[in-house]
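Undergrad: Listed below are the residues making up each chain.
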Amino acid sequence: MSIALVDYGAGNLTSVRKAFAYLGAGVLVPATPGDLDGVDAVVVPGVGHFQATRSLTPEWRAAILGSLDRGRPLLGICVGMQWLYEGSTEAPDCEGLGVIPGRCTRLGGGSDALKVPHVGWNTLAMPRDSLLFEGVPPEASVYFTHSYAGPVNEATAAVTEYGERFAAAVEQGLVMGVQFHPEKSGATGLRILSNFLRRVSSLAAAAV
Amino acid sequence: MLAKRIIACLDVRNGQVVKGINFEGLRSAGDPAALARRYNQEGIDELVILDVTATIEKRRAMAATVGAVARELFIPLCVGGGIRDSGDASAVVDAGADKVSLNTAALADPTLITVLAGQYGSQAVIVAIDAKRDGDRFSVYARSGTTAAGRDAVEWAKEAEDRGAGEILLTSIDRDGTKSGFDCELTAAVSAAVRIPVIASGGAGSFDDFVDVFTTGRADAALAASIFHYAEHGVADLKTHLQRRNIPMRLS
Chain A
1 MSIALVDYGA
11 GNLTSVRKAF
21 AYLGAGVLVP
31 ATPGDLDGVD
41 AVVVPGVGHF
51 QATRSLTPEW
61 RAAILGSLDR
71 GRPLLGICVG
81 MQWLYEGSTE
91 APDCEGLGVI
101 PGRCTRLGGG
111 SDALKVPHVG
121 WNTLAMPRDS
131 LLFEGVPPEA
141 SVYFTHSYAG
151 PVNEATAAVT
161 EYGERFAAAV
171 EQGLVMGVQF
181 HPEKSGATGL
191 RILSNFLRRV
201 SSLAAAAV
Chain B
1 MLAKRIIACL
11 DVRNGQVVKG
21 INFEGLRSAG
31 DPAALARRYN
41 QEGIDELVIL
51 DVTATIEKRR
61 AMAATVGAVA
71 RELFIPLCVG
81 GGIRDSGDAS
91 AVVDAGADKV
101 SLNTAALADP
111 TLITVLAGQY
121 GSQAVIVAID
131 AKRDGDRFSV
141 YARSGTTAAG
151 RDAVEWAKEA
161 EDRGAGEILL
171 TSIDRDGTKS
181 GFDCELTAAV
191 SAAVRIPVIA
201 SGGAGSFDDF
211 VDVFTTGRAD
221 AALAASIFHY
231 AEHGVADLKT
241 HLQRRNIPMR
251 LS
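Chain order of the listed sequences is A and B.
So for the first sequence, the numbering used here puts the first residue at 1; every next one is plus one.
So for the second sequence, the numbering used here puts the first residue at 1; every next one is plus one.
The set of hints was computed from the structure by calculation and includes no laboratory data.
Hints are all accurate, no fakes.
Straight-line Cα separation of at most 16 Å, EDC-like style, residue types lysine to aspartate or glutamate; simulated pairs: (1) A:115 - A:161; (2) A:18 - B:72; (3) A:18 - B:94; (4) A:115 - B:162; (5) A:115 - A:164; (6) B:132 - B:152; (7) A:115 - B:161; (8) B:132 - B:155; (9) B:179 - B:212; (10) B:179 - B:208; (11) B:132 - B:185; (12) A:18 - A:7.
Make a model of the complete structure from these sequences and hints.
TA: Structure below.
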């Protein structure tokens with residue numbers, strides 16, 4: 001099983017890589033979009049500004065969509081999940097991948113009452129069953145650090161509240177995303193990542 | 001609901017955890033990886049490793065310590081102490097730190113905050129402020145609390161936020177190691193002035209000190225070292241106590 005961790009210069013990949021290594025998954029960092037051809041899954045991590053996703057050029061986007069077309073799961077983490085939407089008001093001229101409907105907006109709607117960024121452990125509510133959260137109890141806590149978030153809609157697999165309700169996770173077919181950091185969310189986060197890996201390996205095995 | 005965070009600090013010197021009283025008279029408290037593992041089992045929300053006597057020769061040993069902790073723990077990990085430039089920061093980030101804490105170096109060159117926020121994101125940059133009461137104000141001290149920096153703590157916290165800091169780690173030098181409670185006045189003054197999270201530090205002696213700092217002190221997180229190191233009070237017991245006082249906690 002090979003997991004491609006896309007490095008587009010948005011923060012450091014060390015923690016995500018360590019978490020996958022701990023779970024026994026091989027991770028590669030593709031140098032060119034062509035390197036995604038043979039992988040079993042694509043992970044788009046990222047922290048910081050939505051602007052950074054500009055480095056995901058049309059070639060990268062095509063390769064990532066191509067991997068989805070071949071039946072390979074895609075997981076976006078933090079800014080990587082926001083990028084799955086159509087875009088974000090943080091960088092209005094930067095287009096998202098658009099596989100999840102809607103646009104990300106700033107938390108708190110500009111009100112001074114709420115500290116933004118939203119930093120720390122917050123609880124999840126799961127509106128429906130999903131593969132990502134199999135075995136994860138309702139009200140489980142995960143670690144967030146972000147100022148923007150995606151809207152709750154039919155793709156939403158987990159909801160968190162901070163001033164407003166926002167999508168803590170999406171799951172729509174092979175497209176998955178988490179706004180929190182599973183690699184920093186203790187045992188709960190490792191469970192979510194291993195659920196993702198189990199899905200990847202069963203699809204990879206079925207394709208052989 | 002967003003939980004208030006309980007953070008354990010490991011003050012490390014020569015690869016061993018030590019904790020001083022008022023930054024002096026360090027005594028040993030054990031192996032950092034073993035302590036980190038214990039805290040994680042007890043439900044700690046985050047760890048800070050401070051290299052209290054950082055020198056260039058020791059930096060490599062520090063990276064090994066950080067690596068040993070990060071290999072098995074998947075909770076946020078901050079490293080500070082003697083980080084002077086982006087080279088020092090990248091060494092600890094590469095070893096597995098999620099956040100770096102800047103103190104003396106940020107006072108000497110505040111643009112370092114912006115440089116590191118640009119490199120790793122604001123969420124990875126904590127500005128640590130050591131403050132001491134000075135009449136009705138709070139003065140900032142550099143070099144492990146030994147040198148007056150000539151700055152007001154509230155003003156410096158606001159500037160750090162403007163320059164891209166993601167969190168403020170605020171230590172009361174007067175209270176540090178005394179177990180007489182956090183300085184809630186200092187914490188509330190800084191917390192009201194910035195929109196980024198404030199981590200209160202210095203003075204934790206009882207469970208109710210944490211209640212006070214989360215209510216009166218308006219802290220987003222509280223950090224302690226000695227109260228946890230000698231197993232006087234477990235992290236789990238503390239969190240249960242706070243939850244009963246209606247302070248939102250992550251209970252795992």
